[in-house]
Amino acid sequence: MNWSGSSAPERATDLASPSPSTGRAAAAPRRAPRFSDLGLRIAGIVTVLAILEIASRAGVLPRAWFPPISEIYLEFGKLAFGWPLWLEIGRTLGGWALGIGIATLCAIPLGVLLGASRIAYRLAKAVIEFFRPVPSVALIPLAVLVYGTGLEMKVFLITFATFWPILLQTIYGVQDVDPVARDTARSYGLPPLARFTQITLPSAAPYIATGLRIASAIALVLAVTAELVVGAPGLGQAIVVAQSNANPTRMYALIIVAGLLGWALNSGFQAVERRLLRWHPAQRQEAGK
Amino acid sequence: MLEVSQLRKVYGPDPDGEPAVAGLDFTVNDQEFVCILGSSGCGKTTMLRCLSGLDRPTAGQVTLRDSPVTGPPEEMAFVFQDYSRSLLPWMRVQRNVAFPLRYKGLSTQEAKEATDEALTAVGLAGSGQLYPWQLSGGMQQRVAIARALAYKPRVLLMDEPFASVDAQTRAGLEDLLLDIWQRYQITVLFVTHDIDEAVYLADRVLVLQAPASVRRSVEVSLPRPRDQLETKQLPEFGRLRAELYAALDAQTAPA
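Protein sequences, first through last, are from chains A and B. So the first sequence is residues 1 to 289, counted in this note's numbering. So the second sequence is residues 1001 to 1255, counted in this note's numbering.
Don't read these hints as lab results, they were simulated from the structure. The beta-carbon is built from N, C-alpha and C at its ideal position, and this holds for glycine as well. There's no promise every hint is true.
Said to hold, decoys possible - If you want the footprint, here are the derived chain B segments under chain A, 3+ residues with CB under 8 Å:
| # | region |
| --- | --- |
| 1 | 1019-1028 |
| 2 | 1166-1177 |
Said to hold, decoys possible - The calculated label-pair distances, taken between Cβ atoms and stated as ranges, are:
| # | chain 1 | residue 1 | chain 2 | residue 2 | range |
| --- | --- | --- | --- | --- | --- |
| 3 | A | Ala126 | B | Glu1117 | 23 to 33 Å |
| 4 | B | Pro1015 | A | Thr197 | 29 to 39 Å |
| 5 | B | Asp1166 | A | Ser267 | 36 to 46 Å |
| 6 | A | Val272 | B | Gln1031 | 43 to 53 Å |
| 7 | A | Thr197 | B | Gln1061 | 32 to 42 Å |
| 8 | B | Gly1172 | A | Pro191 | 33 to 43 Å |
| 9 | B | Tyr1245 | A | Val272 | 31 to 41 Å |
To be verified - 20 Å max Cα-Cα, derived SDA-like pairs, lysine to any residue:
| # | chain 1 | residue 1 | chain 2 | residue 2 |
| --- | --- | --- | --- | --- |
| 10 | B | Lys1104 | A | Phe196 |
| 11 | B | Lys1104 | A | Cys106 |
| 12 | B | Lys1104 | A | Arg182 |
| 13 | B | Lys1104 | A | Asp183 |
| 14 | B | Lys1112 | A | Phe196 |
| 15 | B | Lys1104 | A | Pro192 |
| 16 | B | Lys1104 | A | Arg186 |
| 17 | B | Lys1152 | A | Pro191 |
| 18 | B | Lys1104 | A | Ala217 |
| 19 | B | Lys1104 | A | Gly189 |
| 20 | B | Lys1152 | A | Leu193 |
| 21 | B | Lys1152 | A | Thr197 |
| 22 | B | Lys1104 | A | Thr197 |
| 23 | B | Lys1104 | A | Leu193 |
| 24 | B | Lys1152 | A | Arg186 |
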């Protein structure tokens, strides 16, 4: 019986929307573009950078707060070749990884249980709906009180925040196993454990992957927030330090680092999904037939 | 071989509620090809689910070779209508066919041999490394048939297996099924709502009426092997088709 709940706001349908330049779309005949896609993208970036540079140098933007973009990238380059930046990145990523790791270890088994048992799900639903909407940053004072201002505080916040998307995606994934697939396994006499490993887990995997990718983005936001607000060591704290040292150039360079970090993590997750879930409709490179 | 006696199935908590199957009685002989014909909603699928052990009947009994069916029996394989959902998209064709065999106690080598043989039998020997969704609908259903074959069942239950493929493909699949049925000497219970298909395939056609019980049992004595063109041109084919049409029509008319 399929009783996948009606309250399913984050189904895995958004799983890495297939890029339009792959598969059949690429094979379809179309007019030769006047400019290559990559060329246009680069041109767009260069234009924005040039406008920023000129605006700053011409004094349209107050130079004290908006240093020329070339200086920011120069600073970025200098930072990239020194170990302190990598230490800060490591500290931020350490909290990120520990928090997601703990959340995953707790959320996936619990999600499997709640997804498989209708009664357990009903019991837990109200509790989940109560805790899930709590903005994690609202727990910062509590976290500082209990864990101080170091890594533990950061890990606590990230674990709390990322636990929910992973839990819910796991529940949805387990609930959404195709009843025909389940019947097929039963009719061929697969014992319950085999049905779980052969049918339930693989069908839930795309949902869980989406949950992890969402969790990764949330975790980075919280890591940097905790470092900014509380002063836990990491990228966020480095940004505050640069700001209070009246070094806006460095501050911007670090902001760029934070952005790149988020992009790299997301790309990493997408690459793993593409590899492990290549059977999933969102990842398929070839259409049927 | 397969005996159904006084089978009754009611969904929901009340055993006296509206039954989906009521008082179903029939027997399928060894190596017989029986088609169950009924209009949609007459309880065909519910009946099959009870026969296959996927659902427990509310009352009555199903026995397979003298032992009562209480869960999916090892001697039975089920081919679902919805091949795209019955085949697992994360497994390649080879594994889709092979995965049940391990739980039947076959060694890896035996499973591989059975899989290769079954895929060859349905003409998909070269497609083992593809994913099911890379195949056409007809090929996907052939994979599902291969999976059932590799399982080496005595009884093959088929729930409108060819209802969602185009007519051309369907004729090919019907002939493939007849060929396999004769070659492997299995018993087939084939549910369909298509009169022509039932007459073409079966030794015997059972017409179901809602709630599923047997209204009519019609012997099909058309010569075998059957041929899509010749068999369907025989006067006897036309007569059987008219008889079954009347039987089906009589029950749907009042509705």
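- Task: Run the structure past the numbered hints and jot down the numbers of the failing ones, going up.
- Result: Violated hints (numbers, rising): 1, 2, 3, 9, 11, 14, 18, 20 and 21; every other hint is consistent with the structure.
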